Amino acid sequence: MGRFFAGLRDGVGFDILLVTVAMIFLVAMAGLPLIYNVLMSFQQVDMFTLGSFIRPFAGIQNYIDVVRAPEFWLVTRNTVIFVFFSMAGQFVLGFALALFFAQNFPGASTIRGLFLVSWVMPGLVVGAIWSWILAGDFGVLNTILRNLGIIQSTVFWKSDPAFSIWAVVIANIWLGLAFNMLLLSVGLAAIPRDLYEAAELDGANAFQRFWTITLPMMRSTIGAVLSLGLIGTLQQFDLFPAITEGGPANTSTVAQYWSWQMSFQLYDFAKGATISVMMLVLVLFASIIYVRSTRHEVRG
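Numbering (full-length UniProt numbering), first residue to last: 1 to 300.
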């Protein structure tokens, strides 16, 4: 023990101590709950067996029941729509803003900082704000669209089955826009300006410079942004209870909200754990893509 503490004082082994503390924290706060959740998905868990450690074994029956549930394909469709269009909107608009602010015009830093407000706001607050914006009778969005002549009658974004999922998509795009813009701005700043100057001297126009220089040089950044976007979108929960509560008739229910409903409204904790484990597979897939896209950036 004396040699161990002497090594800490000399700086030898201090990095191992820091890593050990971090690993203990991760195992206790993330690893054990994750294992517990996976085990629960193979058991029969309800209000009466929740407090017991030993519960009846269900095998894969929970997974079969979830897939056979009447709302499974509707929830799957909603989840695909929510994830795909949220990621597409956040990435395209975030990339456009990153390119716009890369011009370094007067006041660019100040205006770019204002966009970060949406990123630091809690999801429930953002959901409450967009719930007012998307309100059918007095919502700001309907007023703007009506004055522009785009719509003639009131659109009930939150209560119309045709628009409910899109209401949450719009709010989530706004919520994640600043994060995408920030990461993509960092990737743009890392591209040497000499490449653009040389291409411009060779006669390349703006689109050609974007296609042959910007996109290839930002391949790893784009991979990281899309992977983190997929993880963040699959974890997004706050907007749904604040805007639509999954309705009407489950037309805006996605997998993460369905898992919560199963566990804390229907008290079928095994089914809720099963849905979350199925989502975990997608998150692991996105994590693998993220690690592979940033692997070459690690320096030894």
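Note that these hints are calculated values from the structure, not bench results. Bear in mind that the values here come from a model prediction, so they are computed numbers and not experimental data. Cβ coordinates follow ideal geometry from the N, Cα and C atoms, glycine included. A couple of the hints might just be wrong.
[Said to hold, decoys possible] Taking CB as the label site, the calculated pair distances span:
# : residue 1 : residue 2 : range
1 : I151      : T49       : 47 to 53 Å
2 : M47       : A69       : 15 to 21 Å
3 : V120      : T49       : 38 to 44 Å
Supplied distance hint 38 to 44 Å, evaluated on CB atoms of V120 and T49: Check passed, 41 Å falls within 38 to 44 Å.
15 to 21 Å as the expected CB spacing between A69 and M47, which holds or is violated: Hint holds: Cβ distance 20 Å, inside 15 to 21 Å.
Cβ distance range 47 to 53 Å for I151 and T49, holds or violated: holds (51 Å)
When the structure is compared with the earlier hints, no violation turns up for any of them.
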